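Q: Could you put the whole structure together from the sequences, leaning on the hints where they help?
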Amino acid sequence: MTQKTRLILTTLAAGAIALSMPLGVNADPAHDAVLKLYGAPSSFSAARGKAFFLGTHKGGKPQTPSCTTCHTKNPRNSGRTRAGKVIKPMAVSKTPSRFTDPKKVKKWARRNCKTVLGRECTHTELGDVLTYLGSI
Amino acid sequence: MSEKPSSSVVVWDLFVRVFHWSLVAGVTVAAITGFFVGATAIDVHVWVGLALFALVVARVTWGFLGSRFARFATFVVGPRKVLHHIVELQEGTAGRHLGHNPLGAWMILTILAAITFLAISGLIVWGGIFAHGPFTGFYDFDDGQPFFRLHWWVALGLLALVALHIGGAIFESMRVHENLVRAMITGFKEPRENDAVEGAPEQPENGPRPGLTVLITLLVMAIPIGATFQASRIKIKVTHRPPDTRGTVYAENCSDCHGVYSPTLLPADSWRKLMATLDNHFGEDASLDADTTKQIEDYLVAHSAGSVETKPSAVFTTVSAKDPTRITASPFWVKTHRKIPDYVFSAKPVYSKGNCFACHSDAQSGWFYPGNIEVPDSIAPPKK
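Quick note, the sequences are listed as chains A and B, same order. The first sequence begins at 0 in numbering that gives the first Met the number 0 and counts up by one. The second sequence begins at 0 in numbering that gives the first Met the number 0 and counts up by one.
Just so you know, these hints were derived from the structure itself, not from any lab. Nothing here was measured: the structure is a model prediction, and the numbers come from that model. Take every hint as true, because none was put in to throw you off.
Only pairs whose alpha carbons sit at most 20 Å apart, straight line, appear in this in silico EDC-like list of lysine to aspartate or glutamate:
no., chain 1, residue 1, chain 2, residue 2
1, A, Lys106, B, Asp284
2, A, Lys84, B, Asp376
3, A, Lys106, B, Glu296
4, A, Lys106, B, Asp288
5, A, Lys102, B, Asp284
6, B, Lys347, B, Asp255
7, A, Lys106, B, Asp290
8, A, Lys105, B, Asp255
9, A, Lys102, A, Glu124
10, B, Lys352, B, Glu373
11, A, Lys87, B, Glu251
12, A, Lys105, B, Glu251
13, A, Lys113, A, Glu124
14, B, Lys234, B, Asp141
15, A, Lys60, B, Asp284
16, A, Lys102, A, Asp27
17, A, Lys60, B, Asp322
18, A, Lys60, B, Asp278
19, A, Lys57, B, Asp278
20, A, Lys84, B, Asp255
21, A, Lys105, B, Asp288
22, A, Lys93, B, Asp255
23, A, Lys103, B, Asp288
24, A, Lys84, B, Asp284
25, A, Lys102, B, Asp290
26, A, Lys113, B, Asp255
27, A, Lys113, B, Asp284
28, A, Lys102, B, Asp288
29, A, Lys106, B, Asp255
30, A, Lys60, B, Asp255
Negatives, chain A to chain B, calculated, CB over 12 Å:
no., residue
31, Asp31
32, Pro40
33, Ser41
34, Ser44
35, Lys49
36, Phe51
37, Thr55
38, Arg75
39, Ser92
40, Glu124
Even glycine gets a Cβ: it sits at the ideal position worked out from N, Cα and C.
A: The following block contains the structure:
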């Protein structure tokens, strides 16, 4: 093998691994299990989830009208709590441990829905958002 | 120095001159850091204080082992002779001294004593209030308080002594027509025929011993400095230090949105109120199940402000009547942070007054040692 071919092969291999990564994430069984808490994965829509995540809501606390108040408009970026602490990206591709611990998901869904909407979220809303965040 | 008359002799040896001007520099830095800069300069202040103490130890040793005019025996006289000198000054019959005059001698002793007292009381404050240095663990916050007050007053007294000393040097320079300040720089003075002599008149038999003086100074200073570096190993009594929150249910559940506040930063009643209203926690739902909530509340109440003898635990016992669950609304917090402009708290990476952790690197421990304060220097004032 010449140096050149070796370089090309390595690049191709690296590219293949990189490409397969975001696809592999949704296949995480723990992530799927959490999603199933809210219904059949096929019934959820990433597009609806995106609209919900980026949207402005009424009924919650005035300081936090949207998920994006703390998570920013791009879930692949780090967010920040109102108290100044960094929140790791919500996108599963950036933070693979996201939505794998059912207790943690339930706790934060309950709290943050109350903070942003003033009520608990519906299962469809949560399934949609988790699908959206798992897809990007 | 070029114009020294040929008959001049070295009165102030090199040691005395270096000592004198080092003391001037040291006291200036200590006074500026102590009275004006405050908390954030604590480490500079303490180490300059220790250096001043070392100078005093060396000077006292030199007072027994130094050259003729440096020795206490040649200038320290009893109160009767001092009074006599004052009477002579009033009558205008007082002679001129080649070395120190009796009043100057006592000024020197008083200044040396004041600096010694400041060094020792300062170390007690450093140990008691800030848990640093040789007295760490021996004194707590309550013990440190009276020493802090004494330290402050004696420091003010020292500045008054310095003013008197300068006044005295100017007065004496005019009275005997010679520049005493220059003499303290060059070391030379011109002997006169009628010079008054107070103590031992001759150069003592045993000559100056600079090596021994340095050795004794180093040995004496090794005690406080050595102990300072060993202080971190001292096991401080539980009641004299903030609780270690690491691994507690509290830390696990209350560190998602902000750092772990030491339980000693709010009194028990405030923690109870805060834990009763977690569903509306400063505009956020931070609720937990009842069991966990109770467990955390018990922990916070048990270790609340006033429960241990540290500075934060003592100062945060008083809260704002309007906003009793906010540390940053308490009178102490508002007073200590009043000089920090608002834009600093909203700028990256601080973002919030409650983000103690951005400026106090030891915030999580609950000590809040002033030497660990560093406002991120990336923060610039907003452009107009």
